[in-house]
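Participant: If you want the building blocks of each chain, they are given just below.
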Amino acid sequence: MEPIIRVDHLVQKMGRKTFLNDLSFEVMPGECFGVFGTRGTGKTTLVHILAGVDRFTSGEVEILGTNIRKSEKYKRDLGLLTQERSLFLDMSVYENLDFIAALKNAPRKNIEEMIERFELRELLKEPITVLDTIGTYQRLALACALVNQPKLLIVDEVIKDIDLYSRRLIIKELKQYLADGGTLVCAFSNIAMSHYMTRVGWLENMKMIIYTSETALAEWKKQEELYTE
Amino acid sequence: MRQILNIAHYEIAHILRDKILLLIVFIVPLFYAVLFGIIYIAGTLQHVPLGIVDLDHSVESREIVSTFENTPNFKVIPEVNDYAGLEAGMKNGAIRAGVVIPEDYSQKLSQHQLTEILTVYDGSNMIYGLNSRKYLQQVLNTFSAGQTAAYLGGLGMTKKEITNVMDTVSFSMQVWYNPTFSYTTFIFMGLVVMILHQVGFMSISLTVTREKEQNSWIQFVSTAVPSWKIFVGKAIPYFIANFFNYGLLLWFSARFIDVKIGGSVALILLLGLLFNIIIVSLGFVISLYAPNSLQITRYLMIMSVPLFVISGYTWPSTHIPEVLNKIAQSMPYTWMANGFRLVTLKDWGFADMSMTLAVLAGMAVLTSFFALTFSKCRKPLVQTGLVVNETTSYPRKR
Amino acid sequence: MIKQSLAIMKRELFYMWRDKGMRNIMLFGPLLGLLLFAGVYSYQRVGDIPTAIVDLDHSSASRQVVMGLENAKDLKVVAYPETYDELEKLIHKGDAIVGIVIPENYGKDVDLRRQTKIAVMIDGTNMAYATNATTAVLTVTRTLGAEAGIKTLIAQGIEPDQAKEAYQSIEFREEAWFNPTLNYAYFLVLAFALNMWQQFSTLASCMNVVGEKGFGSWIQIKASGISRLKLFFNKSLVHIFVIMLIVLPIYFFAFVVFKLPLASSWSMLLLFTFAFAVALHSLGTLMSSIFSNAINASRFGMVVALPSFVISGFTWPLEAMPQWFQPIAWILPQTWFFQGINYLSFKNPGWEFISHYLLILGLMAVLFYSLAALAARLREKAFR
Chain W
1217 MEPIIRVDHL VQKMGRKTFL NDLSFEVMPG ECFGVFGTRG TGKTTLVHIL
1267 AGVDRFTSGE VEILGTNIRK SEKYKRDLGL LTQERSLFLD MSVYENLDFI
1317 AALKNAPRKN IEEMIERFEL RELLKEPITV LDTIGTYQRL ALACALVNQP
1367 KLLIVDEVIK DIDLYSRRLI IKELKQYLAD GGTLVCAFSN IAMSHYMTRV
1417 GWLENMKMII YTSETALAEW KKQEELYTE
Chain P
559 MRQILNIAHY EIAHILRDKI LLLIVFIVPL FYAVLFGIIY IAGTLQHVPL
609 GIVDLDHSVE SREIVSTFEN TPNFKVIPEV NDYAGLEAGM KNGAIRAGVV
659 IPEDYSQKLS QHQLTEILTV YDGSNMIYGL NSRKYLQQVL NTFSAGQTAA
709 YLGGLGMTKK EITNVMDTVS FSMQVWYNPT FSYTTFIFMG LVVMILHQVG
759 FMSISLTVTR EKEQNSWIQF VSTAVPSWKI FVGKAIPYFI ANFFNYGLLL
809 WFSARFIDVK IGGSVALILL LGLLFNIIIV SLGFVISLYA PNSLQITRYL
859 MIMSVPLFVI SGYTWPSTHI PEVLNKIAQS MPYTWMANGF RLVTLKDWGF
909 ADMSMTLAVL AGMAVLTSFF ALTFSKCRKP LVQTGLVVNE TTSYPRKR
Chain X
153 MIKQSLAIMK RELFYMWRDK GMRNIMLFGP LLGLLLFAGV YSYQRVGDIP
203 TAIVDLDHSS ASRQVVMGLE NAKDLKVVAY PETYDELEKL IHKGDAIVGI
253 VIPENYGKDV DLRRQTKIAV MIDGTNMAYA TNATTAVLTV TRTLGAEAGI
303 KTLIAQGIEP DQAKEAYQSI EFREEAWFNP TLNYAYFLVL AFALNMWQQF
353 STLASCMNVV GEKGFGSWIQ IKASGISRLK LFFNKSLVHI FVIMLIVLPI
403 YFFAFVVFKL PLASSWSMLL LFTFAFAVAL HSLGTLMSSI FSNAINASRF
453 GMVVALPSFV ISGFTWPLEA MPQWFQPIAW ILPQTWFFQG INYLSFKNPG
503 WEFISHYLLI LGLMAVLFYS LAALAARLRE KAFR
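As given, the protein sequences belong to chains W, P and X, one line each in that order. Its first residue numbered 1217, the first sequence is counted upward by one per residue in this note's numbering. Its first residue numbered 559, the second sequence is counted upward by one per residue in this note's numbering. Its first residue numbered 153, the third sequence is counted upward by one per residue in this note's numbering.
Simulated from the structure, these hints should not be mistaken for lab results. All values reported here derive from a predicted model rather than from experimental measurement. Glycine included, each C-beta is placed from N, C-alpha and C at the ideal position. Certain hints may be false.
[Claimed, not checked] Each pair of labels, with its calculated beta carbon distance range: (1) W:Glu1300 <-> P:Ile578: 50 to 56 Å; (2) P:Arg620 <-> X:Leu523: 37 to 43 Å; (3) X:Gln314 <-> P:Glu674: 57 to 63 Å; (4) X:Gly199 <-> P:Ile585: 41 to 47 Å; (5) W:Thr1428 <-> P:Arg560: 40 to 46 Å; (6) P:Leu581 <-> X:Thr333: 54 to 60 Å; (7) P:Phe814 <-> X:Ser194: 34 to 40 Å; (8) P:Phe814 <-> X:Thr235: 15 to 21 Å; (9) P:Ile578 <-> X:Val518: 24 to 30 Å.
[What the hints assert, rightly or not] Output of the computed footprint for chain P on chain W, the stretches with three or more beta carbons under 8 Å from beta carbons of chain P: (10) 1256-1269; (11) 1286-1293; (12) 1305-1314; (13) 1412-1423.
[Unchecked claim] List of simulated lysine to any residue pairs, SDA-like, C-alpha gap at most 25 Å: (14) P:Lys934 <-> W:Ser1274; (15) P:Lys787 <-> W:Glu1311; (16) X:Lys228 <-> P:Leu882; (17) W:Lys1376 <-> W:Met1422; (18) X:Lys245 <-> P:Leu828; (19) X:Lys241 <-> P:Pro737; (20) X:Lys162 <-> P:Val586; (21) W:Lys1367 <-> W:Thr1282; (22) X:Lys241 <-> P:Gln671; (23) X:Lys316 <-> P:Gln671; (24) P:Lys934 <-> W:Leu1305; (25) P:Lys718 <-> X:Gly259; (26) X:Lys316 <-> P:Ser619.
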């Protein structure tokens, strides 16, 4: 089976500082691949490279069979939810969905479906700057990311600090997405999340080590004990 | 097509929601045009305050005074009546020109001796200086012709004989293209083109930086929508607005400010079209690569004076060193402003304008090429050393 | 207490330095501007006005006219087209500004004392050319007309002395005061450079309030309990200091290197400039307290700063603007500044004249600073 993502000797330097040094890994279809690391270890850097947002220094990245330096065809089947808020601040909830659907060339009926699935009906006219909780914002952001029914979804800290209702909804939808055959890359910083993942790529010191979800937890415990001594 | 229209649609929505951008796009150009229109409405400099020092107080010297009193070019200020007063008035700006008639004027005239009239004008303001000088020359030409006629009359010549002698060689002077020496015709449209230039850049150049600052640029970058569609979609509203302003300001100038706008309408439209394409695409490119909106705003604003001065629109390019002319020729403003004047005042046709059109078209192709084919990938932001207002953030209340 | 002030000032200086865009503008802008303008106006006068002469006569009399024109001040004969049509084309294309046509049979007509007419055309599109060209033509035609008239009179049997007297009994002497050669560089180079300087200064002072309140670090200052008056007073001191600092090289290059005229004393000039710097800074501070982000503050600061040179009447005179508009023009500190600079550089108008200007600029500063404080107050209340 062809991998969805193939990363080969990826290096990212900005200025004099190296953020990612010689990363190689693959993500298989249907996987829920976790990218774990504490703050500042390069999770977002990696996510931005995978989503084709940022340029990278060297190495090769292939997504859905295309070299991402050469073509952006793969972006048609990509969904992205960023850690930093990146929806259009000057638009309402509905306008964001509509506009992003247009950018992605997604059919209009998908918008309706997303509104239902993420329970956004009541909020459609609200400007997104006044959405009361980060939970509702994340629901909308995920709806926008999924509006084109992507084969690969990349999410960055999707349920960090959010209200429990939205959290439940989002997790349910992500599970549904995986069940429908989607592939998920999920950056997170709370180790407790790792039991949702098929595998965990642990970023530390510019390198990535791959664990299964259990071994990742065990490694965290081991390190915790090490530092308490 | 749907994508382009959608992008355009939401760009329009943004313009309508951002009150200040709306102001810049639709009100500021007209505001400036009205402002400059008011300033230059008079067109010609008249009633230059003039001090006459008549030391002779004779019938003959009164004649000179009345010659000056009877021209609308000067306004004789009666308070000035001695040389010290003249000097003081020139110094504090109460008068801008002066005439001194010597005390032995009538005496020497009657004795057929050479006498001298002194005229002075204020060179500290060139518009006063050059116009006063010209007006003084005109008055004196008339006056000395009168003197000659009177002298010949004294020799017993008849009126007809006198005219015959004096008109043996006469000069007819015509001023072409701007017969009234109107400063409005001269400078106003250059300012209007500058307004369109600056406002055009100001409005579109924030379109990408704005998205970057709000982080929503990621939505464009992480989807498969091609670069050229982003540019075209975002540019359409500004392109239309710029063209609307072009028409509006031309109409306003011709209707209310009495600027002479003649020439081929097709050429005027073509110039506007090319200029508009250049501004929209260059503004977009600037927006792509500039660090943030604050820096663009600053740099763009301060460009207007140098661009105007160097363009050769006022100070003729024949009198500007070649190096600077070369720089000026790489600026779209230079070609547009001068080209516009040549079409509207001198009625240049397509053949005469081929050079200007070729250059503007070349610039349009080049700038739109870069705008259409930009790389969507961001260069990751680097924080180098201690800097403020350099990244996508700048001081603002959220 | 002094320590606190020094800390604020030091921090403000670093802030301005680390704002790279602002730093580049402030460091290089004024001098680049001055050099550019000095370059543009390096010819100083619009002399050598391209002139074309059509001599349809080719007689010795017409050649004399041509010679007269060739020697005329400010005119430079660049072409001798054969026909009127060619001349028209030259002027149309802009290759000649002045065109002169000497008619056929000119020599014969003069000999036979028949009237003849020399046609002069001037391209009026560019006023810098047109006014100079007109004056030059007026002067030369008076001379040529007189010469022809004298000849005619002598031919009619009038005594040569009398003939000359008829035309030349009055001599006209002209003097351009304050700028005797009507030098454009003297008039415009410094003014344009100062125009850019006041724009940069506006940009800098537009950051005064919003540059502080627009950052998260404003919370630190609020929490520290320092008085706003003290904070902004010290910040403003630094701004005005920097604004004055960058005007010095302009003055140095203008008056020492390029030798532009300065009629007044240096101390008077600097005092006047200082008063303006304070007034201008107060206006920028007002902008920066009205608007909640730096871009809008800069934009609206520049909305005022950009046209202020044209409004000031430095080039197109205030007196030529509509009567009702003139008081409005005097509301801007820039109008006082550019008017004052013109007097100081050319005329040395004396203390009494300038003290009036200083007073007005001072009052403006007080007014604008107070309004700024008021606006800031109101904004904070609105947010609470």
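Participant: Which of the stated hints cannot be reconciled with the structure, identified by number in ascending sequence?
Facilitator: 1, 2, 3, 6, 8, 13, 20, 22
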